[in-house]
Amino acid sequence: MPDLNDLDLETFQPLIGSGFTTALPWGAVTLVLREATAMGSGLRHGGAFSLLFSGPGPDLIGQGVLRLTNPEIGSVDLFLVPVAQSAHGVDYEAVFT
Numbered sequence: 072m073p074d075l076n077d078l079d080l081e082t083f084q085p086l087i088g089s090g091f092t093t094a095l096p097w098g099a100v101t102l103v104l105r106e107a108t109a110m111g112s113g114l115r116h117g118g119a120f121s122l123l124f125s126g127p128g129p130d131l132i133g134q135g136v137l138r139l140t141n142p143e144i145g146s147v148d149l150f151l152v153p154v155a156q157s158a159h160g161v162d163y164e165a166v167f168t
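The sequence shown begins at 72 in the working numbering and counts up by one.
Read the hints as simulated data drawn from the structure, not as lab findings.
All C-beta atoms, glycine included, are put in the ideal place defined by N, C-alpha and C.
It is possible that part of the hints are untrue.
To be verified - Just the calculated beta-carbon pair ranges, DEER-fashion:
hint : residue 1 : residue 2 : range
1    : Gly133    : Val103    : 17 to 23 Å
2    : Met72     : Gln156    : 29 to 35 Å
3    : Asp74     : Gly135    : 18 to 24 Å
Kindly produce the complete structure, drawing on both the sequences and the hints.
Here it is as structure tokens:
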């Protein structure tokens, strides 16, 4: 599992459009990375950024830490917050500061 401090915007930008799978009590769910956006300077190396994922909805996943697995970067634990309903289902945001 990669160290969260080693992940930056450049880690995720090539993964836009790819799936990240998480295991929930009722089965596996795939979230698709839709956006990776710079948020200006931050305390972390490379600056702050946010990730926007889309998943099935409505209200399938609540706010909290999920282990997301992607073939390119492996597994990473991210705190996701549902932020909107969209044409894709529900959008979830992770913020790195």
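Checklist entry - Which numbered hints turn out to be false for this structure? => result none
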